[in-house]
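For the protein sequence lines, the chains are L and S, in the order given. Using our numbering, read the first sequence as starting at 1 and increasing by one per residue. Using our numbering, read the second sequence as starting at 1 and increasing by one per residue.
Do not rely on the hints blindly, as some may be mistaken.
To be verified - DSS-like, lysine-lysine: derived pairs with alpha carbons at most 25 Å apart: (1) L:K57 - L:K37; (2) L:K71 - L:K58; (3) L:K37 - S:K14; (4) S:K9 - L:K68; (5) L:K37 - L:K71; (6) L:K22 - L:K58.
To be verified - The following residues of chain L were derived to be distant from chain S, with all beta-carbon distances above 10 Å: (7) Q45; (8) S85; (9) N98; (10) V109.
Just so you know, these hints were derived from the structure itself, not from any lab. C-beta: ideal position from N, C-alpha, C; glycine also.
Below are the chains, spelled out letter by letter.
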Amino acid sequence: GENVEQHPSTLSVQEGDSAVIKCTYSDSASNYFPWYKQELGKGPQLIIDIRSNVGEKKDQRIAVTLNKTAKHFSLHITETQPEDSAVYFCAASSPRQNFVFGPGTRLSVLP
Amino acid sequence: NAGVTQTPKFQVLKTGQSMTLQCAQDMNHNSMYWYRQDPGMGLRLIYYSASEGTTDKGEVPNGYNVSRLNKREFSLRLESAAPSQTSVYFCASAGGFSGYTFGSGTRLTVV
Numbered sequence: 001g002e003n004v005e006q007h008p009s010t011l012s013v014q015e016g017d018s019a020v021i022k023c024t025y026s027d028s029a030s031n032y033f034p035w036y037k038q039e040l041g042k043g044p045q046l047i048i049d050i051r052s053n054v055g056e057k058k059d060q061r062i063a064v065t066l067n068k069t070a071k072h073f074s075l076h077i078t079e080t081q082p083e084d085s086a087v088y089f090c091a092a093s094s095p096r097q098n099f100v101f102g103p104g105t106r107l108s109v110l111p
Numbered sequence: 001n002a003g004v005t006q007t008p009k010f011q012v013l014k015t016g017q018s019m020t021l022q023c024a025q026d027m028n029h030n031s032m033y034w035y036r037q038d039p040g041m042g043l044r045l046i047y048y049s050a051s052e053g054t055t056d057k058g059e060v061p062n063g064y065n066v067s068r069l070n071k072r073e074f075s076l077r078l079e080s081a082a083p084s085q086t087s088v089y090f091c092a093s094a095g096g097f098s099g100y101t102f103g104s105g106t107r108l109t110v111v
């Protein structure tokens, strides 16, 4: 079955700097890769996703890149702000496979 | 437009007690899921329902049962709660091939 690894587990950046979180997956059949943000005391919320027929997707300050050959995808947050502080989860899935989530990255944006 | 609603938000049980966690979605989604979230373990799938009338085991089903009451509602039951079931429980739903929508969670403590 699918296995998703995520690094780093914790990340601290200065406000205004960029943050990058990386995930790797094992199943070459996976073709959908969402990213979730979970704020304290709340449920995970979808922030961006990418499908395997696309190499990069951007939405304002966040972007996701996908390297199918290497089986890894990354979340990029530019011009970080304190409200970006949260736990971020990546996931991988295919039409025949439920989402498999990475273990999460706790991002702290320091003022 | 409430999305996914979970009740209760908090619950304390004594070992051996039973309870049912309720989940309802108003997005006409076919698929519904129950996850548990423990520190350092990410999100682990307990049970899921791909469509009304079907349920399947996930990664950690032992000690739980589910009921897909109708298209909107998917409940999770603990028949005899154990301290190992202390966790935060999330319900999610999905329509088609897209990201999940999560509820706000139920924080359960078993003493």
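### Query
Against the structure shown, which of the earlier numbered hints fail to hold, in ascending order?
Of the numbered hints, 3, 4, 7 and 9 do not hold.
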